[in-house]
Amino acid sequence: DAGITQSPRHKVTETGTPVTLRCHQTENHRYMYWYRQDPGHGLRLIHYSYGVKDTDKGEVSDGYSVSRSKTEDFLLTLESATSSQTSVYFCAISESIPLAGNTIYFGEGSWLTVV
Amino acid sequence: EDQVTQSPEALRLQEGESSSLNCSYTVSGLRGLFWYRQDPGKGPEFLFTLYSAGEEKEKERLKATLTKKESFLHITAPKPEDSATYLCAVQGPTGTASKLTFGTGTRLQVTL
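Quick mapping for you: the protein sequence lines, in order, are chains A and B.
Heads up: the first sequence at position 50 corresponds to 50 in this note's numbering, and the numbers run straight through without jumps.
Heads up: the second sequence at position 43 corresponds to 43 in this note's numbering, and the numbers run straight through without jumps.
You may find that some hints are simply not true.
[Said to hold, decoys possible] Straight-line distance between alpha carbons at most 30 Å, and here's what the computed DSS-like set of lysine-lysine pairs gives:
#	chain 1	residue 1	chain 2	residue 2
1	B	Lys-57	B	Lys-68
2	B	Lys-42	B	Lys-59
3	B	Lys-63	B	Lys-42
4	A	Lys-53	B	Lys-79
5	B	Lys-42	A	Lys-11
6	A	Lys-53	B	Lys-68
7	B	Lys-79	A	Lys-57
8	B	Lys-59	B	Lys-79
9	B	Lys-69	B	Lys-59
10	B	Lys-99	B	Lys-69
11	B	Lys-99	A	Lys-57
12	B	Lys-69	A	Lys-11
[Stated by the list, open to error] Facing chain A, according to a computed beta carbon distance under 7 Å, are these residues of chain B, among others:
#	residue
13	Pro-40
14	Gly-43
15	Phe-46
16	Pro-80
17	Lys-99
18	Phe-102
19	Thr-104
The set of hints was computed from the structure by calculation and includes no laboratory data.
Even glycine gets a Cβ: it sits at the ideal position worked out from N, Cα and C.
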C-alpha cells in the first residue's frame, strides 16, 4: 500500500465553520491531489500540487483552498463549510504525471459531514 | 471536455460466471486509461493503465483491453472476493495538469 495517511478519517462539522483535512505521504512523491467522491459523480479533482508551494485548481475548486509547505504534507481547507461540501475526500499521490507507469495512488478517504 | 461512461451501473454474477464491464470515453487525444478497484469504505486501488488501442493487460482473473472508443474489463470465473466497484478514468492531453476524468463506476457483486 502507498504510504498515504489522511486525517481526520471522519468529521462532523457545522455550516460556516472552517475545516482542514490533512494528507501525509511517506513516498516522497512530487504530485499530491485532493479529490471528492459523491454519489452519481465520478471522483472529481479539487486541487493538486506539483511541488512545495506549487498548487493549481482542479474542476471543483470553489470554496476550497490548499497549502503544501513540505513535500510530505498537503492540506485541504474549507474556509466556511457548506452542506454541499458533505462528501468523501480522497488524497492521492503520484511520482510524476500519470504516464509511462506513473500511477496515482489513493488514500483511505476522509468522510466529512456538514450539518 | 473529457467524458467517461461506465456500464452497467451494477452487475450481479454467480461465482464462476464470466462477464465484462464497459468504459466508453471521449477525449481529444488519450494519454492513458486507468482501471481502479474500490471496496466499500476504502480508497481506489490501482489495477491497470492502458496507453494505446489494441493493448491488453492481465492480473489474476482480470483482463483489460482498449480500443479507440472504449475499454473492457473482462472478469473470468469471478469469486466473491472480486465484489467491488470498478472505476475507469482517462487522462487527456493536458499540459502540466495531472487531471484524470473518472466514470461513476460499475458495482460488481459476485455470489456463491
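Now for the hints, and whether the structure bears them out:
1. Lys-57/B x Lys-68/B: holds (16 Å)
2. Lys-42/B x Lys-59/B: Status holds; Cα separation ~20 Å.
3. Lys-63/B x Lys-42/B: holds (22 Å)
4. Lys-53/A x Lys-79/B: violated (45 Å)
5. Lys-42/B x Lys-11/A: holds (16 Å)
6. Lys-53/A x Lys-68/B: violated (38 Å)
7. Lys-79/B x Lys-57/A: violated (40 Å)
8. Lys-59/B x Lys-79/B: holds (14 Å)
9. Lys-69/B x Lys-59/B: It holds: about 22 Å lies between the C-alpha atoms, which stays within 30 Å.
10. Lys-99/B x Lys-69/B: holds (19 Å)
11. Lys-99/B x Lys-57/A: With Cα atoms ~10 Å apart, Lys-99/B and Lys-57/A stay inside 30 Å; holds.
12. Lys-69/B x Lys-11/A: violated (40 Å)
13. Pro-40: violated (11 Å)
14. Gly-43: holds (4 Å)
15. Phe-46: It holds, given that the least Cβ distance between Phe-46/B and chain A is near 5 Å, below 7 Å.
16. Pro-80: For Pro-80/B, the interface hint is violated, since the closest Cβ of chain A sits about 22 Å away, which is over 7 Å.
17. Lys-99: Because about 5 Å separates Lys-99/B from the closest Cβ in chain A, which is inside the 7 Å limit, the hint holds.
18. Phe-102: Constraint on Phe-102/B satisfied, holds at 3 Å.
19. Thr-104: holds (5 Å)
Violation of the numbered hints given earlier is confined to hints 4, 6, 7, 12, 13 and 16; the remaining hints are satisfied by the structure.
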